[in-house]
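Q: Please model the complete structure; the sequences and the hints are all you need to start from.
Chains A and B, in that order, are what the protein sequence lines are. Just so you know, the working numbering puts the end of the first sequence at 309, numbered straight through with nothing missing. Just so you know, the working numbering puts the end of the second sequence at 309, numbered straight through with nothing missing.
Derived by calculation from the structure, the hints in this document are not laboratory data. The model shown is predicted, which means the values in this text are computed figures rather than measured ones. Treat the hints loosely; a few may be bogus.
As the list claims (entries may be wrong) - Which residues of chain A face chain B? A few of them, derived with a C-beta cut under 7 Å, are:
no., residue
1, Ala13
2, Pro15
3, Met43
4, Arg47
5, Gly65
6, Ser77
7, Leu80
8, Gly82
9, Tyr98
To be verified - In silico negatives: residues of chain B with every beta carbon more than 10 Å from chain A:
no., residue
10, His56
11, Thr107
12, Tyr112
13, Pro113
14, Phe116
15, Ala124
16, Asp174
17, Arg214
18, Gly247
19, Ser260
20, Asp262
21, Tyr275
22, Leu287
23, Ile301
24, Asp302
All C-beta atoms, glycine included, are put in the ideal place defined by N, C-alpha and C.
There are 2 protein chains.
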Amino acid sequence: MTFSLTILGSSSALPTSERTVTAHVLNVHERFFLIDCGEGTQMQLRRYRIRFAKIHNIFISHLHGDHFYGLFGLISSLNLMGRKVPLNIYGPPGLDKYLDLHFSASTVQLDYPLVFNSLDMEKAAKVYEDDKLMVESFPLDHKIECCGFIFREKVGERRIKKEAVKELSPGIKDILEIKRGGDFTDRDGKHWKNEELTDPPRSTRSYAYCSDTRYNEAILPFIKNVDLLYHEATYMDEMRQRALKTGHSTAGEAGKIAASADAGILVIGHFSSRYKKLEPLLNEARLQFPDTVLAEDGLEIDIQLTPEG
Amino acid sequence: MTFSLTILGSSSALPTSERTVTAHVLNVHERFFLIDCGEGTQMQLRRYRIRFAKIHNIFISHLHGDHFYGLFGLISSLNLMGRKVPLNIYGPPGLDKYLDLHFSASTVQLDYPLVFNSLDMEKAAKVYEDDKLMVESFPLDHKIECCGFIFREKVGERRIKKEAVKELSPGIKDILEIKRGGDFTDRDGKHWKNEELTDPPRSTRSYAYCSDTRYNEAILPFIKNVDLLYHEATYMDEMRQRALKTGHSTAGEAGKIAASADAGILVIGHFSSRYKKLEPLLNEARLQFPDTVLAEDGLEIDIQLTPEG
Chain A
1 MTFSLTILGS SSALPTSERT VTAHVLNVHE RFFLIDCGEG TQMQLRRYRI
51 RFAKIHNIFI SHLHGDHFYG LFGLISSLNL MGRKVPLNIY GPPGLDKYLD
101 LHFSASTVQL DYPLVFNSLD MEKAAKVYED DKLMVESFPL DHKIECCGFI
151 FREKVGERRI KKEAVKELSP GIKDILEIKR GGDFTDRDGK HWKNEELTDP
201 PRSTRSYAYC SDTRYNEAIL PFIKNVDLLY HEATYMDEMR QRALKTGHST
251 AGEAGKIAAS ADAGILVIGH FSSRYKKLEP LLNEARLQFP DTVLAEDGLE
301 IDIQLTPEG
Chain B
1 MTFSLTILGS SSALPTSERT VTAHVLNVHE RFFLIDCGEG TQMQLRRYRI
51 RFAKIHNIFI SHLHGDHFYG LFGLISSLNL MGRKVPLNIY GPPGLDKYLD
101 LHFSASTVQL DYPLVFNSLD MEKAAKVYED DKLMVESFPL DHKIECCGFI
151 FREKVGERRI KKEAVKELSP GIKDILEIKR GGDFTDRDGK HWKNEELTDP
201 PRSTRSYAYC SDTRYNEAIL PFIKNVDLLY HEATYMDEMR QRALKTGHST
251 AGEAGKIAAS ADAGILVIGH FSSRYKKLEP LLNEARLQFP DTVLAEDGLE
301 IDIQLTPEG
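A: What follows is the structure, encoded as C-alpha cells:
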C-alpha cells in the first residue's frame, strides 16, 4: 500500500551539475505517475531504478521547456523498448499537436497508442480516476497557463472488527456488504448496526503538486489538509520582486502557503541555479512552516498510513 | 594550441545509467565545436565544465532523436543565460523548420540569432572555415540521410630559425614575409633562401566523426590518415546482421575501417544498451586496430602537435 514520491529533478529552468530540471514520480500502490518531464527525465528514471514500463500516465503542468522537453526522448525510448500498451498524457491544450509535429518531423513511428487528454487550464477539474486514486487539476498563477495537480487516495472499505464478527460467521456476500457500510442480521434475527461490526476505513493519503506559480492564496481550497505538498520556491524573499515578475514564488511564500493549508509536509524545489547552497532557502521556508524539506534529485518521501479515529 | 576531443555521451538510442546519448565537443585553440546534441547535452556540458558561451557552432549529423533532442534545451538555456551573439547550426535540411516549429509552439522568443546552415547530404562539401580550421561533411550509410564530419587544422606559418636570423635582424614586415615562405635580402645585399631561415610549419591535426553508419569503405577517401577517428560501434560482430538491418556497425568493422584509413587513434562509441561491459567490444576492435579506445562519458583525448620533417 505504497504512497511515495520520488524527486527526479529539482532545478528551475537552468539545470546545474547537481540538479536536473523538473520531474516527479508518485508511486500509488505500485502504479507510477509521472508529473512533469523535463529534459533528462528518462536518464533520471534509470538512475533511480524506476521501471519505464510501469508508467502509464504522465501529467504536464505547462508548456515551458524545463517541464516537458524530456517527453520526446522518453516517448521514443518506450517505443524502442517495444511498448505496445497505451501511454496517457494529460497536458495543456496544444501539447498534442506539438507532439504530433515533433514525431512526424523526426520520422518516429510510434508502435503504441499515445492518448492525449487536454486539461482545463481555467478551473479545477477531475483529470484521472481509477479504483485507488483520483487526480484533480487546479489553475496556478504563472507567466503562462499552468496547472497544479492533487492526487488523492480513495477512501477504502470499512475494516471489519474480527472479534465482533467471529461468533456471527457471516457469508462472503454479507462480509462485502458490511465492508461497504451495511448493517447485518444474524441467524437468530438479531440486527447489528454497521458501527458495531467495523472500524472506519484507514485514512487516505494525498499529494499536491504546485508547479511554477506566484504566491497565490486562491489555491488554498484545493490543497487544504494535504499530507504532502510540493510548492515551488525558485527564489528567496529578498528576490520577491523578481519572483513576481517571472511568475514564481519565494521559499518564505512556499512556507506560508503550507502553513495556511495545514499541510503535513512541505517539499520545496525548482531552485534558481544562482543558489549553490540550499540551506538558506530551507531555513526561510521553515520560519513559516517547520516541517519543510528540500527537493533533491533522488529524494524519496514515503507517506505512511495512519490509523484513524 | 589545443586540439582535444571530449566525449559527452557514448550510448546509442537508449541511454543507460552510465552512458548518455551522443554528443562530442572538439576544442580547437579554445574554440569549442559541438558535434551532435542528444538529450541531456547541456547537463553534460556543465558536468565536464565546458562553458556554454564558448560554443558558436553546432554540427548535427542526422535527424534521429538521440543525436539532436538536446538542442531544444540547450538553445533555450543559452537564451536564459542572456546570449546575444549568433549561434550557427549546421544540420540536415528540415532541421531549421523543425526548430522554428518547436520554439513557436513552446512560446520561446530567442534573443539571439540562430543561424541555420543546411548540409549537403549527398556528397562531400565544405561546411565551415575560419583562420585555424576547416570542416567538411561527407555522406554516411545509415537508415536515414546522415553525414560524417572531418575537422582539419589549417597549415600554419613556417617557423623562423632563431639562430639563423639573429645576425640579420630583419624588420617586422620582413619577418611576416619570411614566415609566409618568402626569401630575404640582408643589408649587405646577400640573398637568403627561405629554407635557410625557417623550419616547416608544425604538422596539423585532424578529427573525423563517423556518426551512425553501416561499415562502408566509400568513406575512406575522406578519413584517410586522420589523427583521431571516431567511428560508431553499436554492436559486436556476432550481431552483424542486426547492424546491417539497423544501419549500424560492429566493433570489428570500426577497427577495420580505422586500419584501412591508417588512422592515428580510433575511438569507438554509440554502444547498444545491451552491453553492460564494454571490454569485449574494445577487444574486438583492437584485433583489427590496436590503437583503439572506448568512448566513455567525460573522456578527453588531447592530440599533441608533432614536429614535422
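Q: So which hints don't hold here, by number, going up?
A: 8, 11
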